[in-house]
Amino acid sequence: MNDIDQLNQLDDDGFRAAVREWVQQNYPAELRNPAKRLHWRDNKAWYFRLAEHGWLAPGWPREYGGMGLSASKQLIMVDEYERHGVCRTNDHGIVMLGPLLIQYGTEEQKQRFLPNILTGAHVWCQGYSEPNSGSDLASLATSAVLEGQEWVLNGQKTWTTLANDANWIFVLARTDKTVKKQEGISFFLVPMDAPGITVRPIINLDMHDEFCEVFFDDVRIPAENLVGAVNQGWTMAKALLGFERVMIGSPKQSAYALSRLRVLAQRMGVWEDAVFQERYTRFRLDLADHTALYEVYLDLLRRGEMPGADASMLKLNQSELLQRITDAMMEVAAEDAGLLEPLDGNRELNPSGLFLQARPVTIYGGSSEIQRSILAKNVLDLPG
Amino acid sequence: MSLTQDRLEQVRMVRDSVAAVAPAGGDLRRIRALRFTTPGFDRETWKIMCDMGWPGLRVSEEDGGAGFGVSESSAVAEELGKALVPEPLLAAAFAARLLSGAALERQLSGEQLVLPAWQERAGAIEPGEATQWHDGTVSGRKMFIPMASGADAFVVVLADGLALVQADAPGVTLRCDATQDGGHYGTLTLDGAKAERIAAPPGAVAEALDEATLATAAMLLGVMERAFELSLDYLRTRKQFGKPIGSFQSLQHRSADLKIQVALTRASVEAAAASLDAGVDARVRQAVVSRAKARAADAAMRITREAIQLHGGIGYTDEADVGLYLRKAMVLANQHGTAAAHRLRYAEMMPEEES
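Those protein sequences? They're chains A and B, same order as listed.
Just so you know, we're using my numbering here: the first sequence kicks off at 1 and counts up by one.
Just so you know, we're using my numbering here: the second sequence kicks off at 1 and counts up by one.
Derived by calculation from the structure, the hints in this document are not laboratory data.
Some hints could be false.
With a straight-line cut-off of 16 Å between C-alpha atoms, the simulated EDC-like cross-links for lysine to aspartate or glutamate are [to be verified]:
#1 B:82 <-> B:321
#2 A:377 <-> B:233
#3 A:377 <-> B:257
#4 A:252 <-> B:352
#5 A:377 <-> B:229
Computed list of chain B residues with no C-beta within reach of chain A, every gap over 12 Å [said to hold, decoys possible]:
#6 33
#7 45
#8 66
#9 109
#10 168
#11 187
Quick reminder that beta carbons are idealized off the backbone N, C-alpha and C, glycines included.
Next comes chain B alone, as it looks inside the complex (with noise of 0.2 Å):
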């Protein structure tokens, strides 16, 4: 399932409109300033996202998206992923695929920013079904929501539809906790708020969870090929014993070795997209996404952790930038979806080929 010239043009060009928000030659002022900030992001900077039609990538022409595919919206990611990007693009975009009519405009324009909260517990990879909805009310609590405390409004997943619930209605109280990206995660306790029904087609949580989880994977494969270039130029330039350290073979193995690991990922994530993009059925979408992500997770793990031994001493500064690689892998390896949830996943929706 390869992409044609074309698309891979298309894709191309895509992700080189990312150069946008991220600095050339890896600076990261930015994004060492917004650390444990409230709300951690920067809301001009999310309006340029917005203006590059990034939220709605996936959100059809007709409904004032850019009408792109997943090879696309995954190529996006992976460049906000090299470059650290702390706005919540990945989470806007999963709501964005939720929401219509005139909320759907405001949250493409970035007037609103609505989160998606659909997390129960940790570790879930199938959104919670406890919150209730009762006569104009959702009462319930959802947890893990990236960048919270910046969101004007939350799309809620509840066991038989959605709800928009705005962040400053009664009986919303959201808590957050810093995470060690310098971000923060929300935990929504939602207690007869006000809220209204939103009408979504079905299947349309489960396949922008998906693809939520795909994005997530490709933002991995952007941190841990930052993380490993960050290495090997470290590598190339410290000198021990007279030589720069990249000349000595354990370390040389070691690189060829997570090298490796890169390129399984990017090809992992990217056959998942093109299956996407393909129209794969909700069992082998799964599978695939499920794939991709337990390779992203232990592959950003592996890659960013081995980057900090590779750095020795420096690499366990702050001021070293590889070591917000490895917060940043710290977060996301775990974000929808752990390794080893995903692995029993991808057990139960891939039926074997017999050979």
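Next up, chain A with everything else stripped away, as it sits in the complex (with noise of 0.2 Å):
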């Protein structure tokens, strides 16, 4: 039995404790919490480090070169890495593309991809969001044309995250345009160097390039590349939300945030001011009171059962949270809020940085806005 069966078989403690020590040994120093999300040239180091181990892709089955961890377990190697700072990879083919092949993919198209997931070769990217398709993501237009034995793609995807990186993209795109919006969309495998395609790079407010705009044209791929029936993409893609949209509200930005505004409160001198320990305080609270619903949803996951639109509160309360406490910092700094560079040459103490880097996680993944509308309409069954 090799270690991966092993591990499998520990209990939540153990399994805990193994992860713990796992990463503390091989997850290299300089890369704890990240200022920035990393690009491939600097977290590929830890990627092959995971794949060379076999923990790449937790929760793919044992047969396709995953660890086939139980929801629970798979719940507990995220909070690990979280407690200790582990950045992101570029992680779009283990956490999205790769569920849903196994589940829609040929037996074909599973050889072919899975394996290049696994040792980087295939480094991949998501093609969702369109300049004009955000919230209503529905509404894309990208159109692919099936001629003879190949499919063409025109159109634009924008906010695709790390595309300058990604040698393969995903794409939702139109193939129907007689049908109901979201019955009318196909999946398909585009490689980036395929003739017709042209990245640029989005230079954000944290003056960061993790967003690209994705070109499309006249780009000719075979006829393979469709996941799926056409037509059947939207489905695809949202039957796999349900862990991403407990996932997505995860307390830890927060409880990161908060760790950082304690830390900048002390260097401030005012840690000790009862007018920032009242405010500090209901954060804390804020915070624990997030975590204990997250912790509700985390056991419907753990049950196997896969949580509805009401789960869309996590994300909403989380990223506003996380913007209370990143408001916070800005006044608690004081001058250096205005800063561009991290306090003392250290970047985790980065007032400025983390304010902007919560501006997005309001408008990513469905806008505040739009999850409240959500709720209202399908959880509270308010009237349209």
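Combine the two chains into a complex, taking the hints into account.
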């Protein structure tokens, strides 16, 4: 029996201890709590370390080279990584595409793509949002037309995370304009070196190029690069959202920001101030209650149930709490809040960076306004 | 610290049993009829609640109680909050934790109603300690005893123990001030009132007080949930400008925010109950109870206040039920400690986890 089968047999506490120990021994110290989302050139060493150890794909079944972990153990792993300040890798292949191919792909597609994700030969990005289809994603206009044995793609994607690192992109494109918008979308696998693809990085407010625009100009791909049936793309992409819906509401981002607020307040000499303490305690309570709510949904996942639309409460609440905490950082940091670089040369003392990085959190993955409308209509049953 | 499936089933059964005193469909006629009367609740209904075993939910089976956990007692308190039940269960259950022998038996059967007299100033979360024992009598002043005019006796918290004082004993004066929810607070003045010492194990008062505080938070959860439901019903049916007002985005988004407050309160209260059931130490117990009460108080005030706004003009009438929930929240939000007091205690008690 190999190591991964043994890990699967440990109880949760034993598993947590094993993950913690391995991460402490193997995660590169210089990558802990990076100030910005890392590019492939910086995170690939960790990606390869995970790959070599067989830990790259915790949720994939064993037969496809994953760890085959239970939901409960996957959550422990995420928790331990976050606790240690482990960076995200270029993980779209592992988190998004892999599970989709395993569920909907042909045997050939699985054989062709899954091993390349596990070796890091294929680095994936996700082509969903478009300039005119943000919150209303299903209105997307990038088109795919079948000509003989080839699909021809035209259009533009945007907010494509780390497209400048990727050599493959999975794309939602319109294949039928005559039906309800959700029912005319298909899912394609496209090599980034295909003629007609142009990538243009977007510099964000944090002066970082983690998002890109991707242009498709008569890009031709073979018919076998369609995943699932024609016009099934939206359904497939949505079906895998349950786990994500919960993960995106993890309290860890706010917990990290709050720990930074504490350090900042100590540095600025306001830590003992009663007014500050009152505000800080409110954040602690907000975070503790958010964590309790998050736990309710984790329990659901552990029991093998899929959370419904009400899970959008988590993302909404967490993102706004994060912003309240980073708002406080701006005030506490005084003039230093306006500095471009982290304070004292310490990347973990970066109030203006955290404040800016908290901006898109209420915009991506369904803006706060969209989340509220989803809650009102799908959970509270208020009229359209 | 989540509960097992069996345990969840037990909590559900106890919760469902509250239907015995809460009419289906949220009928509040009985509650309205009892408002601003003396003693403000119905002894017959109290007897039913005793027959259901509720004052003794947290009393061990060998002492004649149900031996249930805090998760069960919270569920009952929440359901009573939804139905605005005025019978003083939370206070009576608190007193039951401090009684023993024949007095406990009479309390659990409903034959005698003993209420706790622990508080000596507004806003307190710790028992007052100025009430003195002297030679078979007690002297001092205890405040904010809910539904005190219906009590047969009081269990009085002293600096160094407990005393039982009959309501009709010489030297006992009770003044009652009506509260917004239709009940009242009693101020008990004890001037050499004849009393008997009662024994309680060390720490029993603090533990029972924390549980009563958490039960108050649970009751607030029920209050806010029902006020929110009433508001959603109204948003779905009330029409203006030719459509249901619930179709307007500003009201939808406001409702979504209130839903999150309800969900956070439930998560906080249930997590605190599970922690107490898991036997956490006194510091953590105080911290999680304070956290739940702070959340419940703020959320209940916000939700019931906004419920009036969502109802518009009708919400400002005594005839609309939603106002009863606001006025219940106005009383309960500050009972067993204000949100501010509990935030302070949380900060003192809960060590920060270093990340």
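**Request:** If any of the earlier hints don't hold here, list their numbers in rising order.
**Result:** Going through the list in order, the structure violates no hint and respects every one.
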